[in-house]
Amino acid sequence: LAKTTQPISMDSYEGQEVNITCSHNNIATNDYITWYQQFPSQGPRFIIQGYKTKVTNEVASLFIPADRKSSTLSLPRVSLSDTAVYYCLVGDTGGFKTIFGAGTRLFVKA
Amino acid sequence: GAVVSQHPSWVICKSGTSVKIECRSLDFQATTMFWYRQFPKQSLMLMATSNEGSKATYEQGVEKDKFLINHASLTLSTLTVTSAHPEDSSFYICSARVVGRGKDTGELFFGEGSRLTVL
Chain U
1 LAKTTQPISM DSYEGQEVNI TCSHNNIATN DYITWYQQFP SQGPRFIIQG YKTKVTNEVA
61 SLFIPADRKS STLSLPRVSL SDTAVYYCLV GDTGGFKTIF GAGTRLFVKA
Chain P
1 GAVVSQHPSW VICKSGTSVK IECRSLDFQA TTMFWYRQFP KQSLMLMATS NEGSKATYEQ
61 GVEKDKFLIN HASLTLSTLT VTSAHPEDSS FYICSARVVG RGKDTGELFF GEGSRLTVL
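Going down the list, the sequences are from chains U and P.
Mapping to this note's numbering: the first sequence position 5 is 5, numbers consecutive.
Mapping to this note's numbering: the second sequence position 3 is 3, numbers consecutive.
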């Protein structure tokens, strides 16, 4: 299983764009990169998933360089409600075990 | 997206009693479910992988006789904390992978979590 490294915490202000980078140096060929968001006392919620280049959905963008050894979750114009812990996970379709890293605590200030 | 529901969302029990937590996949079949434990300000810790129709696979350091997992159907997995003690107080979360909806990219769907407090 590829290990991931993220910043422990980040601060931002409302309306700003936030970029959270995750390192996964030993990512395997079959691995996908998935980001989850977790609010206190709730289960994690899927944000976005990608394999290479760029993926965008209604809430975020995911940038993955050619070597795939890192990825960046981009949250456009964050609001106070985006204050949460964000987890980067790496795994393949055949590997059913999912190990969470420490995650990044994002604080959005008014 | 797929929905996973946990019950109860919170439970308080006396030390020495057993508590059962249910995890249901409401609109899909889940051959594999996962159980996690999360302490305050910490990440999710994988406890075990629950496989439908077979024994669960426990992570190192997790007592299988204390945390009984049953996955009797494709939509239900249960975690029973036996002889609970205050140190078992935690937030327990289940998740499931969607099977049979095209390519499986490993996306997990999580339950709402169950907070256990042992007095």
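Since the hints were made in silico from the structure, they are not lab data.
Treat the hints with caution; some may be incorrect.
The list that follows gives simulated cross-link-like pairs (lysine to aspartate or glutamate, EDC-like), each with its CA atoms no further than 20 Å apart [to be verified]: (1) P:K41 <-> P:E87; (2) P:K55 <-> P:D65; (3) P:K41 <-> P:E63; (4) U:K54 <-> P:E107; (5) U:K109 <-> U:E14; (6) U:K3 <-> P:E107; (7) P:K66 <-> P:E107; (8) U:K52 <-> P:E59; (9) U:K3 <-> P:E87; (10) P:K41 <-> U:E14.
Covered by chain U, per the in silico footprint, the following chain P stretches (three or more residues, Cβ under 8 Å) [as the list claims (entries may be wrong)]: (11) 16–26; (12) 76–88.
Beta carbons are placed, not taken as given, at the ideal position from N, Cα and C, and that holds for glycine.
Outcome of the hint check:
Of the supplied pair hints, the one linking K41 of chain P and E87 of chain P holds, its CA atoms being roughly 16 Å apart against a limit of 20 Å. The hinted pair formed by K55 of chain P and D65 of chain P meets the criterion: a straight-line CA distance of about 12 Å does not exceed 20 Å. Annotation: proposed proximity of K41 of chain P to E63 of chain P is violated, straight-line Cα distance about 23 Å (limit 20 Å). Among the hinted pairs, K54 of chain U with E107 of chain P is consistent with the structure: their alpha-carbon atoms are about 18 Å apart, no more than 20 Å.
Annotation: proposed proximity of K109 of chain U to E14 of chain U holds, straight-line Cα distance about 6 Å (limit 20 Å). This hinted pair checks out: K3 of chain U and E107 of chain P have alpha carbons roughly 17 Å apart, not beyond 20 Å. For the hint linking K66 of chain P to E107 of chain P, the alpha-carbon distance of about 29 Å lies beyond 20 Å, and the restraint is violated. At most 20 Å may separate the alpha-carbon atoms for a hinted pair to count; K52 of chain U and E59 of chain P exceed this at roughly 31 Å.
Between K3 of chain U and E87 of chain P the alpha-carbon distance is near 28 Å, which puts this suggested pair outside the 20 Å criterion. Taken as a hint, the K41 of chain P and E14 of chain U pair is broken in the structure, with Cα atoms around 23 Å apart against an allowance of 20 Å. Residue count for the stretch 16–26 of chain P with a Cβ under 8 Å from a Cβ of chain U: 0. That is fewer than the three needed, and the coverage hint is violated. As drawn, the stretch 76–88 of chain P meets chain U at 0 residues by the rule of a beta-carbon pair under 8 Å; below three, the given contact is violated.
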